[in-house]
Structure formats: structure tokens, C-alpha cells
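Chains V and R, in that order, are what the protein sequence lines are. Here this note's numbering is used: position 124 in the first sequence is 124, and no number is missing along the way. To convert a position in the second sequence, counted from 1, into this note's numbering, add 146.
In case anyone wonders, no lab produced these hints; they're calculated from the structure. There could be a bad hint or two in this list.
[Unchecked claim] Here are the simulated distance ranges between beta carbons:
#: 1; chain 1: R; residue 1: Leu175; chain 2: V; residue 2: Asn136; range: 55 to 61 Å
#: 2; chain 1: V; residue 1: Leu24; chain 2: R; residue 2: Glu249; range: 43 to 49 Å
#: 3; chain 1: V; residue 1: Tyr144; chain 2: R; residue 2: Val229; range: 54 to 60 Å
#: 4; chain 1: V; residue 1: Asn38; chain 2: R; residue 2: Phe194; range: 16 to 22 Å
#: 5; chain 1: V; residue 1: Arg68; chain 2: R; residue 2: Arg248; range: 19 to 25 Å
#: 6; chain 1: R; residue 1: Pro213; chain 2: V; residue 2: Ala35; range: 24 to 30 Å
[As the list claims (entries may be wrong)] Derived pair list, reagent style EDC-like, types lysine to aspartate or glutamate, alpha-carbon separation capped at 20 Å:
#: 7; chain 1: V; residue 1: Lys2; chain 2: V; residue 2: Glu62
#: 8; chain 1: R; residue 1: Lys215; chain 2: R; residue 2: Asp205
#: 9; chain 1: R; residue 1: Lys176; chain 2: R; residue 2: Glu186
#: 10; chain 1: R; residue 1: Lys215; chain 2: R; residue 2: Glu244
#: 11; chain 1: V; residue 1: Lys140; chain 2: R; residue 2: Glu186
#: 12; chain 1: V; residue 1: Lys140; chain 2: R; residue 2: Glu247
#: 13; chain 1: R; residue 1: Lys215; chain 2: V; residue 2: Glu62
Here a beta-carbon is modelled for each residue, glycine too, at the ideal position from N, C-alpha and C.
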Amino acid sequence: MKRLWTPAWIARHVAMVVLVTTFLGLGWWQVSRAAAGNAISWGYAVEWPIFAGFVVFVWWREVRHALRAAPAPAPGGEVTAPASDDHRAASGEDGTERPRAGIRRPVRVTRVSDGPGEDDADLAAYNRYLSWLNANPGAKPGDYPG
Amino acid sequence: MRAALTRYRVIAWVVGVVLILLVVIGMPLKYGFDNPVVVETVGQAHGFLYMVYLVAAFDLSRRADWPLKRMILVMLAGTVPFVSFWAERRVSALVTAEQREREAAPEPIAG
């Protein structure tokens, strides 16, 4: 968790705590105003906690994003680890060679089955179509020339 | 992306207009003429519309892969009367330019 204790991250944690306590405090203030007879304050009393929740949500998302972007130095990274050869090479010395996870999602292409089957031609055509789609990210399926 | 930008622009415009109604009409009526009805109705509506604005801005920032700082600035810009319109125009120009750049140089790997 060291990478969440850099100065920039500490500033974010502090900002999150300050904002959440402020918003909850404002919500509580509106509750007291509502209890004192200002009926319109009930609406604000609902709104402030929602904004506080939103702050926590964005903070939590950033934390998760940071943890995913910089994989843990411990070996045996789960899903993000590439093929075993690369994995061994990457975790060899200092782990700097390890590819950054979370930047690009690997594309899973359907593997052509090695056994004979009547739908091999269809499958190959479909795979050609998939690789064409992969090579032309902006294209729509209707643009496929094949 | 384009749909997210449109959603953001629509709600940004609505929130901007409601905020100006609140500040230019509601506040003087309440504090100058002791007639709080505009503030009571529009103020509540603005709070909930601003939530929608936050969600739209968050969605757009996630799709456009913005840094956290820009996302927060855009969210805050929605709270400043009149400035919100300028911010909306800047965001639109930025997102459109980035998208054009992306289309000019297509990446080989689908994300």
C-alpha cells in the first residue's frame, strides 16, 4: 500500500475526508434546520449525504485504479500476468520490465479448433471477421468487406 | 463517447440555466423582496439536477480517460454561474479534438 502514501495521495485522502465531513456536517445542519420547522431543508438534508457518498465513490475508484495500474511487486500477479515465460522474465530482478496492467485489455480471440469439424470454414470466416474488426477499431460490423 | 458528450452537454446547459435562474431571479426575490418561493422550488431542483450533472461528467471523464484533476475541475465548473457555459464549450471542444486525434491514428489493439 506504499503507493497510496505518496504526498499526492495523502493530499487526496485528506481532501476526501475533509469534503465528506463537511458535506455530512452540512447535511446534519439541514436536518436541524428541518427539525426546527424549515420544511424545505429536508430536501437539502437528503442531497448533502448523496454528495458525500459521491466523493467516497470517486476516491475509491481512484484508489482501485492506482492499485490496478501499478501491479504489486510480489510475484504471482493474478489475471493481469502474461504468459509464463514473460512472467518469469519480468519478475526476475526488480519487476520494472513487467508490462503495465490496466492500460490495455488483452483481446481474446477465439482459437480455431484443431479437431476436424464441419463448421471449420464458418469458424475461420468468423475469425477473419473478428481480426478485421480488431484491425479496424472504429469500423461498424456493416462495413466488413468480406 | 459522442453520446456521453451529448448527455453531458444537455445536463450542463440545464444546470447552468437553472443556476442562473436561482442567482439572478431567486436570490434577489428572497433577500430583496422577501419572496422565497423561487429559491425554495428551483433550489431543490438545482441540487438534484446537479447530481445528474455530476454523474454525466463522471461518465464522460471515464470514457475520455481524463486525469482526476480535470474531472474535478469540470465538476466544480458546474457550480459557478455563467462560467458553466464556458466550461461546457471548452469540454466539448477538448473531447471532440481528442476524438478526432484518435480517429486519425487508429490503435491496432481494441481496448
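Consistency of the hints with the structure:
1. R:Leu175 - V:Asn136: 55 to 61 Å: Since Leu175 (chain R) and Asn136 (chain V) have Cβ atoms about 57 Å apart, the given range 55 to 61 Å holds.
2. V:Leu24 - R:Glu249: 43 to 49 Å: Since Leu24 (chain V) and Glu249 (chain R) have Cβ atoms about 44 Å apart, the given range 43 to 49 Å holds.
3. V:Tyr144 - R:Val229: 54 to 60 Å: violated, 46 Å
4. V:Asn38 - R:Phe194: 16 to 22 Å: holds, 18 Å
5. V:Arg68 - R:Arg248: 19 to 25 Å: holds, 22 Å
6. R:Pro213 - V:Ala35: 24 to 30 Å: violated, 42 Å
7. V:Lys2 - V:Glu62: At roughly 15 Å apart (the allowed maximum being 20 Å), Glu62 (chain V) and Lys2 (chain V) satisfy the hint.
8. R:Lys215 - R:Asp205: holds, 15 Å
9. R:Lys176 - R:Glu186: With Cα atoms ~9 Å apart, Lys176 (chain R) and Glu186 (chain R) stay inside 20 Å; holds.
10. R:Lys215 - R:Glu244: holds, 17 Å
11. V:Lys140 - R:Glu186: Violated - the C-alpha atoms of Glu186 (chain R) and Lys140 (chain V) are around 49 Å apart, more than 20 Å.
12. V:Lys140 - R:Glu247: holds, 19 Å
13. R:Lys215 - V:Glu62: holds, 11 Å
Going through the hint list in order, the structure does not satisfy hints 3, 6 and 11.
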